[in-house]
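Protein chains in written order, with our numbering: chain A, 847 to 1295; chain B, 1498 to 2072.
Hints were generated in silico from the structure; no laboratory data involved.
Any given hint could be a false lead.
To be verified - Straight-line Cα separation of at most 30 Å, BS3-like style, residue types lysine-lysine; simulated pairs:
#, chain 1, residue 1, chain 2, residue 2
1, A, Lys908, A, Lys928
2, A, Lys880, B, Lys1659
3, B, Lys1659, A, Lys925
4, A, Lys1286, B, Lys1979
5, A, Lys1217, A, Lys1244
6, B, Lys2063, A, Lys880
7, B, Lys1590, A, Lys925
8, B, Lys1659, A, Lys1056
9, A, Lys1140, A, Lys1217
10, A, Lys925, B, Lys1825
11, B, Lys1765, A, Lys975
12, B, Lys1590, A, Lys880
13, B, Lys1590, A, Lys928
14, A, Lys1086, A, Lys880
15, A, Lys1140, B, Lys1659
16, B, Lys1765, B, Lys1961
17, A, Lys928, B, Lys1659
18, A, Lys1000, B, Lys1765
19, A, Lys975, B, Lys1798
Said to hold, decoys possible - Away from chain A, derived, C-beta distances all over 12 Å, residues of chain B:
#, residue
20, Leu1595
21, Leu1909
22, Pro1938
23, Val1972
C-beta: ideal position from N, C-alpha, C; glycine also.
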Amino acid sequence: MAATLQISRGALRIKMKSNRQILLEARSVSKSFKKNDHQEHLVFGDLNLMLHEHEIVVLLGKSGSGKSTLLRIIAGLIKPSKGEVLYRNQPAGGPLQGLSMVFQSFALLPWLTVLQNVELGLEAQGIPKAERRQRALRAIDIIGMDGFESAYPKELSGGMCQRVGFARALVVNPEILLMDEPFSALDVLTADNLRSDLLDLWQSDKTNIKTIVLVTHNIEEAAKLADRIIIFGTDPGGIKAELSVEVAHPRNSQSQAFHDLVEEIYMLLTAPRQTKTSGVIKPRIIDFTYRLPKAEISELTGLLETLIAPEYAGKIELAQLAEELLLGVNDLFPLTEALEILRFATISGGDIELTEIGRQFAEADILQRKKIFAGQLLNFVPLARHVRQVLDERPRHKASEDRFLEELEDHLSVEVSEEVLKVVIDWGRYAELFAYDYNKGILSLEDPT
Amino acid sequence: MLNTFSKEETNIRPSFNRWDFLALLLILGGFCVLAWGAKQMASPYELGEPIIIQLSPDHLAYYSLRTVLRMFIALIFSLLFTFVFGTMAAKNKTLGRLIIPAIDVMQSVPVLGFLSISVVGFIKLFPNNLLGPECAAIFAIFTSQVWNIALSFYQSLCTVPKNLHEVATVFQLSAWQKFWRVEVPFAMPGLLWNTMISMSAGWFFVVAAEAISVANQTITLPGIGSYIALAVSKGNSLAVFYAVIAMFLVILIYDQFLFRPLTGWAVKFSFQEIEEETSSWIVNFFHRTQLLRHVPVFLEKLTDVFINADFFRYQVKNKSIKINRSFKRSIQFCWYAALIVITSVVLYVSAQFIVLNVSWHEVQHVLLLGLITGLRIIILVMLCALVWVPIGVWIGLRPGWVSCVRPVIQFLAAFPANLLFPAFVILIIKYQLNVEVWTSPLFILGTQWYILFNVIVGASALPKDLYEAVGNMQVKGWLWWKRLALPGIFPYLLTGIITAAGGAWNASILAEAVNWAGVKLYATGLGAYIAIATDRGEFPELALGISVMCLYVLVVNRILWRPLYKLAEERYALK
Chain A
847 MAATLQISRG ALRIKMKSNR QILLEARSVS KSFKKNDHQE HLVFGDLNLM LHEHEIVVLL
907 GKSGSGKSTL LRIIAGLIKP SKGEVLYRNQ PAGGPLQGLS MVFQSFALLP WLTVLQNVEL
967 GLEAQGIPKA ERRQRALRAI DIIGMDGFES AYPKELSGGM CQRVGFARAL VVNPEILLMD
1027 EPFSALDVLT ADNLRSDLLD LWQSDKTNIK TIVLVTHNIE EAAKLADRII IFGTDPGGIK
1087 AELSVEVAHP RNSQSQAFHD LVEEIYMLLT APRQTKTSGV IKPRIIDFTY RLPKAEISEL
1147 TGLLETLIAP EYAGKIELAQ LAEELLLGVN DLFPLTEALE ILRFATISGG DIELTEIGRQ
1207 FAEADILQRK KIFAGQLLNF VPLARHVRQV LDERPRHKAS EDRFLEELED HLSVEVSEEV
1267 LKVVIDWGRY AELFAYDYNK GILSLEDPT
Chain B
1498 MLNTFSKEET NIRPSFNRWD FLALLLILGG FCVLAWGAKQ MASPYELGEP IIIQLSPDHL
1558 AYYSLRTVLR MFIALIFSLL FTFVFGTMAA KNKTLGRLII PAIDVMQSVP VLGFLSISVV
1618 GFIKLFPNNL LGPECAAIFA IFTSQVWNIA LSFYQSLCTV PKNLHEVATV FQLSAWQKFW
1678 RVEVPFAMPG LLWNTMISMS AGWFFVVAAE AISVANQTIT LPGIGSYIAL AVSKGNSLAV
1738 FYAVIAMFLV ILIYDQFLFR PLTGWAVKFS FQEIEEETSS WIVNFFHRTQ LLRHVPVFLE
1798 KLTDVFINAD FFRYQVKNKS IKINRSFKRS IQFCWYAALI VITSVVLYVS AQFIVLNVSW
1858 HEVQHVLLLG LITGLRIIIL VMLCALVWVP IGVWIGLRPG WVSCVRPVIQ FLAAFPANLL
1918 FPAFVILIIK YQLNVEVWTS PLFILGTQWY ILFNVIVGAS ALPKDLYEAV GNMQVKGWLW
1978 WKRLALPGIF PYLLTGIITA AGGAWNASIL AEAVNWAGVK LYATGLGAYI AIATDRGEFP
2038 ELALGISVMC LYVLVVNRIL WRPLYKLAEE RYALK
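Pulled out of the complex, with its shape left as it was, chain A reads as follows (with noise of 0.2 Å):
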């Protein structure tokens, strides 16, 4: 990498990585939620974290890997079953006064202006009026919302209304900044910008901000603005993999650098829990209660013709394949884990690659897709195995959905086994493999009429 002049703070902050002082510690934490009486549902555990003083931290990941848990364990919105949190070596029992945060879906009060909104931290610490008032107009004024300070909420577009949450955040002079996706509701072009705002923010001076914790799914912000990536994994959840960036800011991301980085953080999230590759490629075995992912036959359909497109011909890299269809992770990571589920593709080295049966697939028409489908369903989601078996089995061929949530609430909570249940039935009813009747909550293997 190249050798960088500036004396911006930045990279004056990347040199003295050695001796930074560490500003939060999470220690052997972990955290479970009840699902009923006997069981608990364990989103990770013993986890470790530091937070070291002049860095950005980006914990990354898909949805349910815990890093949104462990965001709020840190800014002592729950409390973690196991662990404690380390504040500059006090423990710290909740909320704390360093500290600050930034809501996803903004998390504004829509009946206070602007100005109250941002002065609502200081009104809670007992700040004065005229000192709140000189406070948040400053701080209004530095995210560049001045002028509006007695507009109300519903008058602002996503951008602005999240500049709020911004200044809120800063008025309260935090040393740490949380931020809870702050981006992934706003339009690409805006996220843009604020996120160049806020990187101006953190080399200028205006702020006392010493640590900002980011959580999102958007590799590529992640990649633009992270000094440390810890990556999350799901099943089961908890830091897969830490990443340290070394490149300087700005980053400009169509370098090879930068491409490299994002390439990378592929490899790392898709990599198996232990990664000690063996050459062998080791087919995915799920059991019958594996939470299956969301994915619609439609889009699977898509994907594997983009695929078997000429430029392609069966094998892309997931950076690539994720730009190009313009997904996240959130929205890509479904359809390649449902992929690899039904043997159509197999990812490895952040590849993806067509297999011959999903070769096939894309190749075939309509009636002869559902077929394939079918087969695969049958061969490899032990669910729809079982489904069918039963339907089989019965003298009238017909079940009630229920009998089968039943089972999978012995493993499982009843929102999971719900969604685990309708991905079945979605994919059984496409591949006709039975029938469903929504107002009954019958499975069959009738025609319906």
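Given the structure of chain A, go ahead and fit chain B onto it with the hints provided.
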């Protein structure tokens, strides 16, 4: 939409479980205990002086004032109750499990039942003083308003969006600050809307509550209700006419001066986009003043001091007090034990009371009467729906008509229908009509507007593209109704029917026992039974009648309306 009687604003009932059962037992039992107590207290007494009602129109203004005053005092108490008990129920799960089913049951008890039983108690409280009956009347109005408001507030508190909770925690708002800055504003639209509806419902009861006839004694408080009662008993139709005009004016005034500005102000609390301009000439008028414009600024300073007082600020806890688990359990045990003891005592006393004073035969008779009244209500509500659905759909599909018609219907719904009863009674007496059949329309006179209103809202909420797609396929006539209109408006129609039926039960007490110029007409039904028992001061029978009505309302609710409502939500809701 803001101004709807539709399901988002009406309360959602909790599910029935053992707590409901407990609450039901406690309340019905409590009722009987009170009735027993009232009987003990119904020994002969003298009021300070007999209250004379003048039938001339000049006194009418004074009476209107008294009535309005009573309404607003009741409203203040309702709001107090709401803020105390609604908040308690929302913040503390155990209390909530008891309070909410209790409120649900109380909602089913006919309001006039409360009146009959409480009036003696209040009179004893303030002997030789007009305050006694006044309190009783205010209490009756209170019970007609409060449950709706409290449930709506509780519902709002429970559905505050999670991210607003998180904001309050992260920025270290104390519980007090959070309540006034986050939770109350969030609940404000629902609170305001339900207050408006409750006021409308309250007019009906205030008119009935002012002429308290209990134990063969009539206490008439100065007010529009007593005016009407006297006019009716004397057969003075001109006086009745004056009263109707006065009521009209009063409702118009409070609508223009109070509710329209408040609704406009409440727009800032709602999350959704406002669809219509709620302009109020009063607000515009104030905006042009010089001095009075500064009043809101002053009020804001006041609220600032109130909310951010030092005393209530967030204190960082240094040590978290760990409550011993077994200590917690023993407290819970004591709580349950106390509950069981109280329930058993109440049940025992009430059983004794009813069983000793009322024969089993009587109970059967009352149950039968309840069935008759219930049947009447269902038939009438269906008839109403049959008439108003076509009209409502027609209006709803024409937006121009909707904006014209809506304030009219709101007004009609607010107007106390019992002021119009005398017209019907005169006709019944004059033409010797069958009392059983022709008093029935009185039930739904006031509540039919809920059906019409909701159907209009439902029809105007039908997505235009559905309507056009169906029209494209040349679907007409009965098929159009069957496939598009009826399923489309079903959830709204159901809400309207449920509200109308609920109101009809309360109205039955006044509708099944009517009089004019000394001629009394009684239909066979539970309402008449209760009215007669009140008249004659027969407290055991009264308690029995009220308990049975309450039971019927609850049963119909659980068996008929709740499943239909679920069906409407799952199958017919347009997402």
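These are the hints, each one checked on the structure:
1. A:Lys908 x A:Lys928: 23 Å, holds
2. A:Lys880 x B:Lys1659: 19 Å, holds
3. B:Lys1659 x A:Lys925: 16 Å, holds
4. A:Lys1286 x B:Lys1979: Distance ~21 Å between lysine 1286 of chain A and lysine 1979 of chain B Cα, so the pair holds.
5. A:Lys1217 x A:Lys1244: Status holds; Cα separation ~22 Å.
6. B:Lys2063 x A:Lys880: 28 Å, holds
7. B:Lys1590 x A:Lys925: Status holds; Cα separation ~20 Å.
8. B:Lys1659 x A:Lys1056: Since the Cα atoms of lysine 1659 of chain B and lysine 1056 of chain A sit roughly 28 Å apart, the hinted pair holds (cutoff 30 Å).
9. A:Lys1140 x A:Lys1217: 21 Å, holds
10. A:Lys925 x B:Lys1825: 20 Å, holds
11. B:Lys1765 x A:Lys975: Since the Cα atoms of lysine 1765 of chain B and lysine 975 of chain A sit roughly 23 Å apart, the hinted pair holds (cutoff 30 Å).
12. B:Lys1590 x A:Lys880: Roughly 18 Å between the alpha carbons, so the hint for lysine 1590 of chain B and lysine 880 of chain A holds.
13. B:Lys1590 x A:Lys928: Given that 30 Å is the threshold and the Cα spacing comes to 25 Å, the pair holds.
14. A:Lys1086 x A:Lys880: 24 Å, holds
15. A:Lys1140 x B:Lys1659: 25 Å, holds
16. B:Lys1765 x B:Lys1961: 28 Å, holds
17. A:Lys928 x B:Lys1659: Roughly 24 Å separates the two Cα atoms, so the pair holds.
18. A:Lys1000 x B:Lys1765: 9 Å, holds
19. A:Lys975 x B:Lys1798: 10 Å, holds
20. Leu1595: Per Cβ check, leucine 1595 of chain B is outside 12 Å of chain A; nearest 23 Å; holds.
21. Leu1909: Given that every Cβ of chain A is farther than 12 Å from that of leucine 1909 of chain B, nearest at about 32 Å, it holds.
22. Pro1938: Check passes; 38 Å lies beyond 12 Å.
23. Val1972: At about 22 Å from chain A, valine 1972 of chain B clears the 12 Å cut-off, so the statement holds.
When the structure is compared with the earlier hints, no violation turns up for any of them.
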